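Visitor: Chain by chain, the residues run as shown.
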Amino acid sequence: DAKTTQPTSMDCAEGRAANLPCNHSTISGNEYVYWYRQIHSQGPQYIIHGLKNNETNEMASLIITEDRKSSTLILPHATLRDTAVYYCIVRVAKSTDKLIFGTGTRLQVFP
Amino acid sequence: SAVISQKPSRDICQRGTSLTIQCQVDSQVTMMFWYRQQPGQSLTLIATANQGSEATYESGFVIDKFPISRPNLTFSTLTVSNMSPEDSSIYLCSATGGASYNEQFFGPGTRLTVL
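Same order as they appear, the protein sequences are chains A and B.
Using this note's numbering, the letters of the first sequence map in sequence onto residues 1 to 111.
Using this note's numbering, the letters of the second sequence map in sequence onto residues 1 to 115.
The hints are simulated quantities; they were obtained by calculation from the structure and are not laboratory data.
One or more of the hints may lead you astray.
Stated by the list, open to error - Going by beta-carbon spacing under 10 Å, a handful of chain B positions derived as facing chain A:
| hint | residue |
| --- | --- |
| 1 | I4 |
| 2 | C13 |
| 3 | G16 |
| 4 | S18 |
| 5 | T20 |
| 6 | Q28 |
| 7 | L45 |
| 8 | F61 |
| 9 | C93 |
| 10 | S94 |
| 11 | T96 |
| 12 | E103 |
| 13 | R111 |
| 14 | V114 |
| 15 | L115 |
Stated by the list, open to error - Taking CB as the label site, the calculated pair distances span:
| hint | chain 1 | residue 1 | chain 2 | residue 2 | range |
| --- | --- | --- | --- | --- | --- |
| 16 | B | S59 | A | R106 | 20 to 30 Å |
| 17 | B | E86 | A | H77 | 39 to 49 Å |
| 18 | A | P111 | B | I63 | 43 to 53 Å |
| 19 | B | F75 | A | S9 | 20 to 30 Å |
| 20 | B | Q28 | A | S9 | 37 to 47 Å |
Unchecked claim - In silico BS3-like links for lysine-lysine, alpha-carbon gap of 30 Å or less:
| hint | chain 1 | residue 1 | chain 2 | residue 2 |
| --- | --- | --- | --- | --- |
| 21 | A | K69 | A | K3 |
| 22 | B | K65 | A | K3 |
| 23 | A | K69 | A | K52 |
| 24 | A | K98 | B | K7 |
| 25 | A | K52 | A | K3 |
| 26 | A | K52 | A | K98 |
| 27 | B | K7 | A | K52 |
| 28 | B | K7 | B | K65 |
| 29 | A | K98 | A | K69 |
Everything numeric in this text was worked out from a predicted model, so none of it was measured.
By construction, the Cβ of each residue, glycine as well, lies at the ideal position given by its N, Cα and C atoms.
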């Protein structure tokens, strides 16, 4: 699996957009970008995934650059409950594929 | 989405003993996995639990230390054998496939403390 690089930590004011970057310069053509988050003392939670088009769901938006070497997860209106560690993972989109976690970005949303 | 439960949610164990963690999924899934999360660290994959056959272990993890069973499509167990304080971690079960093709769901974890 390709590796990802994320900032160690970020801060965001409540109500503002949180933009979390991820570099995946060695991503293969058949690999998707997945985002998960882990709120303290809970199991990781799926957020969103995409291949090359921008994606949006009820939780977040995913912007993938045209060359697919980087992406940004956007939480449009961050709340205190969005404080968590966010993991960017690349993998082939088969149901049997395991997820390999990097170190992630610790997002702190402040009042 | 699949709902995953784990038992026990936490335990405190003595050095040298073993603990078996159970993972139950509320629907049939294709794959089940076991992860370890040491304090302040990210998740590390221990093994893939294969239904009806031996688990597939990641580098650094062996069957004698972490025996895994998966008797059917909704249940798996992980045993942490001959425990030492270094085994103190959160152990998480996850599953994918079935009705949830692209998502991988996680259980709440089992917090293990070894004295």
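Visitor: Would you mind marking each hint as holding or not holding in the structure?
Guide: So, going through the hints one by one against the coordinates:
The beta carbon of I4(B) is positioned within 10 Å of a beta carbon in chain A (closest approach about 8 Å), and the interface hint is therefore held. Look at C13(B): its Cβ only gets to about 20 Å from chain A, farther than 10 Å, so that hint breaks. With its C-beta approaching chain A no nearer than about 28 Å, G16(B) sits outside the 10 Å limit, and its interface hint is violated. Annotation: S18(B) was flagged as interfacial toward chain A, and the flag is violated, the nearest CB pair being 23 Å apart, outside 10 Å.
Because the closest C-beta pair between T20(B) and chain A is about 19 Å apart, greater than 10 Å, the hint is violated. The restraint placing Q28(B) at the interface with chain A is violated, with a minimum CB-CB distance near 12 Å, outside the 10 Å limit. Taking 10 Å as the C-beta contact cut-off toward chain A, the hint placing L45(B) at the interface holds, the least distance being around 6 Å. Hint status for F61(B): violated, given a least beta-carbon distance of 13 Å to chain A, over 10 Å.
Interface restraint check for C93(B): the shortest CB-CB distance to chain A comes to about 8 Å, inside 10 Å, so the restraint holds. A cut of 10 Å between beta carbons decides the hint on S94(B): the least distance to chain A is about 7 Å, and the hint holds. At about 5 Å, the closest approach between the beta carbon of T96(B) and any beta carbon in chain A falls short of 10 Å, and the interface hint on this residue holds. Interface hint status for E103(B): upheld, as the beta-carbon distance to the closest one in chain A is roughly 5 Å, under 10 Å.
Interface restraint check: R111(B) against chain A, minimum CB-CB distance 8 Å, threshold 10 Å, status holds. Against a cut-off of 10 Å between C-beta atoms, the interface hint on V114(B) is violated, since the closest Cβ of chain A lies about 19 Å away. At its closest, the beta carbon of L115(B) sits 21 Å from a beta carbon of chain A; the interface hint therefore is violated under the 10 Å criterion. Our hint of 20 to 30 Å for S59(B) and R106(A) holds, since their Cβ atoms are close to 27 Å apart.
Between E86(B) and H77(A) the C-beta distance comes to about 42 Å, which sits within the given range of 39 to 49 Å. Between P111(A) and I63(B) the Cβ separation comes to about 49 Å, which falls inside the hinted range of 43 to 53 Å. In this structure the supplied range 20 to 30 Å is violated for F75(B) paired with S9(A), their Cβ-Cβ distance being about 38 Å. Checked against the hint of 37 to 47 Å, the C-beta distance between Q28(B) and S9(A) comes to roughly 39 Å, which is consistent with it.
A distance of roughly 11 Å separates the Cα atoms of K69(A) and K3(A); the hinted pair therefore holds under the 30 Å criterion. With a C-alpha separation of about 28 Å, the suggested pairing of K65(B) with K3(A) holds against the 30 Å cut-off. Only pairs whose Cα atoms come within 30 Å are accepted, and K69(A) paired with K52(A) is accepted, the gap being roughly 10 Å. Among the hinted pairs, K98(A) with K7(B) is consistent with the structure: their alpha-carbon atoms are about 22 Å apart, no more than 30 Å.
Straight-line distance between C-alpha atoms of K52(A) and K3(A) comes to about 17 Å, which keeps the hinted pair within the 30 Å bound. At most 30 Å may separate the alpha-carbon atoms for a hinted pair to count; K52(A) and K98(A) meet this at roughly 21 Å. Restraint check for K7(B) and K52(A): not satisfied, since their Cα atoms lie roughly 39 Å apart, outside the 30 Å limit. With a C-alpha separation of about 19 Å, the suggested pair K7(B) and K65(B) falls inside the 30 Å cut-off, and the hint holds.
Among the hinted pairs, K98(A) with K69(A) is consistent with the structure: their alpha-carbon atoms are about 21 Å apart, no more than 30 Å.
In the structure shown, a violation is registered for the earlier hints numbered 2, 3, 4, 5, 6, 8, 14, 15, 19, 27, in ascending order.
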